[in-house]
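Novice: Protein chains in written order, with my numbering: chain S, 1 to 459; chain Z, 1 to 459.
Among the clues, some could well be false.
The list treats identical chains as one, so a pair stands whether inside a single copy or across any two.
[Stated by the list, open to error] Derived DSSO-like pairs: lysine-lysine, alpha-carbon spacing no greater than 27 Å straight-line: (1) K345 <-> K261; (2) K458 <-> K180; (3) K152 <-> K261; (4) K418 <-> K4; (5) K261 <-> K157; (6) K81 <-> K418; (7) K17 <-> K157; (8) K21 <-> K157; (9) K152 <-> K17; (10) K17 <-> K81; (11) K152 <-> K53; (12) K81 <-> K157; (13) K116 <-> K418; (14) K73 <-> K398; (15) K53 <-> K418; (16) K312 <-> K355; (17) K369 <-> K358; (18) K398 <-> K369; (19) K407 <-> K458; (20) K4 <-> K366; (21) K53 <-> K291; (22) K53 <-> K21; (23) K157 <-> K53; (24) K152 <-> K4; (25) K366 <-> K299.
Simulated from the structure, these hints should not be mistaken for laboratory data.
Number of protein chains: 2
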Amino acid sequence: MERKMITTYDLFLSLAKGELKDGESVFLEGWIRGNRDNGNIGFIEFNDGSAFKNVQLVYEKDNPQYDEIAHYKYAASIAVKGNVVLTPANKQPFEIKVSETSLLGDVSEDYPLQKKRHSFEFLRDIAYLRPRANTFNALFRVRNKLAFAIHKFFQEKNFMYVHTPIITTNDAEGAGQCFKVVEDMKDPTGFFNANACLTVSGQLHVEPFALAFRDTYTFGPTFRAEHSNTSRHASEFWMIEPEIAFADLEDNMDLMEEFLKYIINYVLTNCPDEMNFFNTMIEKGVIDKMKHILNSSFKRVTYTEGIEILKKAQENGHKFEYSDIYWGMDLQSEHERYLTEEVVKGPMFLIDFPKEIKSFYMKLNKDGKTVAACDLLVPGVGEICGGSQREENYELLKERMEEQGNKEILEWYLNLRKYGGCIHSGFGLGFDRLLMYITGLSNIRDVQPYPRTPGSIKY
Amino acid sequence: MERKMITTYDLFLSLAKGELKDGESVFLEGWIRGNRDNGNIGFIEFNDGSAFKNVQLVYEKDNPQYDEIAHYKYAASIAVKGNVVLTPANKQPFEIKVSETSLLGDVSEDYPLQKKRHSFEFLRDIAYLRPRANTFNALFRVRNKLAFAIHKFFQEKNFMYVHTPIITTNDAEGAGQCFKVVEDMKDPTGFFNANACLTVSGQLHVEPFALAFRDTYTFGPTFRAEHSNTSRHASEFWMIEPEIAFADLEDNMDLMEEFLKYIINYVLTNCPDEMNFFNTMIEKGVIDKMKHILNSSFKRVTYTEGIEILKKAQENGHKFEYSDIYWGMDLQSEHERYLTEEVVKGPMFLIDFPKEIKSFYMKLNKDGKTVAACDLLVPGVGEICGGSQREENYELLKERMEEQGNKEILEWYLNLRKYGGCIHSGFGLGFDRLLMYITGLSNIRDVQPYPRTPGSIKY
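Extracted from the complex, chain S is given alone in its bound form (with noise of 0.2 Å):
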């Protein structure tokens, strides 16, 4: 594709590698960050959409247009030819001195954004136009390089990309926390001729995939009908969700840590100018935070030992809001938060959780107690991801899905144990709350373009 334009993106790549000219002549289109003048001379923040750093536009009393051009509104998109003048000595390496420009498309005066700081809360409101405001075009970028390095990470490895189905007939973990889907309100079965609803996970059905490729992967949206309205849950998000054949669960675990490694490096790699404004305005030390993760080598913690140095912190008089800690409970965010972040002091596994609070598709350990499960905890959130190795044997398996109820309905899942199976992990990582953590935004509605949560679906 041959554009006559050339884009910002281009032009600071074209520095980056010492080949920008002063004096080459540009042509340029995108849209108005901020536009102020003295009379004689006037200043453009302009942005193409292409790099996230804007530039600097120079107009001057001399150039015919500069009345038209100081009362360019903000927000307007103008198409631009111009100059280079590289500026060393300044902040910004180089301005662009404009000779011509035409108004594209105006701004009418209803405008809601304004060249200020607007809150959170007012952007989400306005979700189709905050892709225009600072933290949004920063968080967008690194979502899309964020998404970029899961698939990157997975094809060096040879994994395989499955597209599971987004609608089911099962609920994978038994949460029943479906979305049902209809065709029609009065024949709900109708469609599908079956009770038909939205994935809550891709894992049972990338499983056969898994024994048959090795490696595999999927990555897309699940959902659920939750009524919980908190800075952490959204109705719709996406899910990272690997499988791999002949991999227990310290194969699982290894993954995990170079694929969280990975991504998390290849952000800070491909994201500088958008992690420092992160780093800047948002969270103070959100690199280091990401620096320490990948210089860290993440220890494991069986969870009987977790809830032996709970207790023992609690003898010591640490004071827990929630204090009941016994063997056979659910950690919560303060318990977690303790051990990675007061005890191991930096990412951390905690494995082999009782069975009775963990999934039925889960290896029993020969302890018979305990299941061959492994949460990926971090310092200022607890658990981020969390997996397990697969119960291969048909009876165990079984005897769990008969437990459940769920035996007749995921029969094809239980009979991959009698053909041909084998030992198999997988884990499952929310995206965006990955973001939430790479980013330090702290609400899961910004860092989705367009947030579903109960009541609310604006757009």
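Following the hints, put chain Z in place on chain S, whose structure we already have.
Specialist: Relative to the frame of chain S, chain Z by itself:
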């Protein structure tokens, strides 16, 4: 991640680099795709899922496990220790001489796959096992590479990937074939406080991003509640929808052509074994068909010219099944194919359609009768994808939206035209149909992991 075993993919890679050594000891884990012996020597066709091609394992009478190995069943999973034997004179350039094996997962008697050719209908019914069959082994590998090629192409061009929402309140094209999404059948609008449905297109949601980031794309699942039980219709399928700002219909067609050539070339280069399989077993000549696309410059013909050509062909005796040809009609597949196969003899764009047969958001041409839309037609299929320049004029778009009655619900979409709008364009390409085209598979149910069609949602 370090797993003790080596993959067959690694062995083939090592061979290609000239680094595979005769006698090299290996440890493999994978599945048996064939096992035969004559009492003195036996051969296992072995596949661990990491490569399309099998590796031959050889076990000889002097192996103390000989009888045990000879009884390993088709589809069982095994672990193998052995040594590489280079056999450059043979069809298979190396084999593995087995020293030791263990059975990891046996296969019960009711295993439905056999080492023979099964019908596609039969395999569809066991969707969770068919990835193990040759055709689907090849197919899902191509699907994976094709999906990655799409991201790679756009990322290399600095496009922004946007996760447009799956649950939405608008049906984009106004086609009205949306699945409804509800939490509680008794209170259909309860969860979101609105009528919610599954997206039929991400286009309207990605346009605001193009007007902030210039070059953008979506790639995600879309849905149609259509009762079309044909080989080309599925209720759930993936779509690629790029949207580019400061770009007209010509730019859009340039992008479509470059994109299609890039991804086809990527598959031919990265899936040679799989494409040879399709070329031999599924559609003879499919590789040449793909190469023809790569070597063609895509012609551009207006709809009005197209109609004239078809009328003339009819006058000269060509028989169309659908014989009522007039300006204003929607072309049928046979007409599209006549143009691309008989007239242009290659890929072509048909452009500038009557506004009445195209969507409300397409840019009205100066003639006041046609819109700046383009359909890409290819031999053997007809239309493979379509795009358009979008109407950027506020008043004209408002008029069209009032006609359609969707002005209220899409007010925000209209507003984009008065808030620094600009010319912009985009296209939509159905991923699954593209995959059919590239592999020669003729039923959409055979290119998806778990197809969803009317009355059918088994897994």
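Novice: Each hint needs a verdict: does it hold in this structure or not?
Specialist: Status of each hint after checking the structure:
1. K345 <-> K261: within (17 Å within a copy, 51 Å between copies)
2. K458 <-> K180: Intra 20 Å, inter 16 Å, cutoff 27 Å: intra and inter.
3. K152 <-> K261: Both: 13 Å inside a chain and 21 Å across chains, each within 27 Å.
4. K418 <-> K4: between (61 Å within a copy, 24 Å between copies)
5. K261 <-> K157: both (15 Å within a copy, 25 Å between copies)
6. K81 <-> K418: Cα proximity of K81 and K418: across copies only (24 Å, versus 69 Å in one copy).
7. K17 <-> K157: Between. Shortest inter-copy distance 18 Å satisfies the 27 Å Cα cut-off; intra-copy 31 Å does not.
8. K21 <-> K157: between (41 Å within a copy, 23 Å between copies)
9. K152 <-> K17: both (25 Å within a copy, 23 Å between copies)
10. K17 <-> K81: within (23 Å within a copy, 51 Å between copies)
11. K152 <-> K53: Intra 25 Å, inter 24 Å, cutoff 27 Å: intra and inter.
12. K81 <-> K157: The answer is between: 23 Å across copies meets 27 Å, while 46 Å in one copy does not.
13. K116 <-> K418: For K116 and K418, the Cα distance is within 27 Å only across copies (20 Å; inside one copy 63 Å).
14. K73 <-> K398: between (67 Å within a copy, 23 Å between copies)
15. K53 <-> K418: Cα proximity of K53 and K418: across copies only (24 Å, versus 57 Å in one copy).
16. K312 <-> K355: within (24 Å within a copy, 75 Å between copies)
17. K369 <-> K358: Only inside one copy: K369 and K358 sit 11 Å apart there, 63 Å across copies, limit 27 Å.
18. K398 <-> K369: Classified as within; 17 Å inside a copy, 65 Å across copies.
19. K407 <-> K458: between (39 Å within a copy, 15 Å between copies)
20. K4 <-> K366: Answer is between: at 22 Å across copies they meet the 27 Å cutoff, but 67 Å inside does not.
21. K53 <-> K291: Within one copy only: 23 Å inside, 41 Å across.
22. K53 <-> K21: within (19 Å within a copy, 52 Å between copies)
23. K157 <-> K53: So K157 and K53 pass the 27 Å test across copies only (18 Å; inside, 33 Å).
24. K152 <-> K4: Between. Shortest inter-copy distance 23 Å satisfies the 27 Å Cα cut-off; intra-copy 31 Å does not.
25. K366 <-> K299: Close inside one copy (22 Å), not across copies (67 Å); limit 27 Å.
The structure meets every hint from the earlier list without exception.
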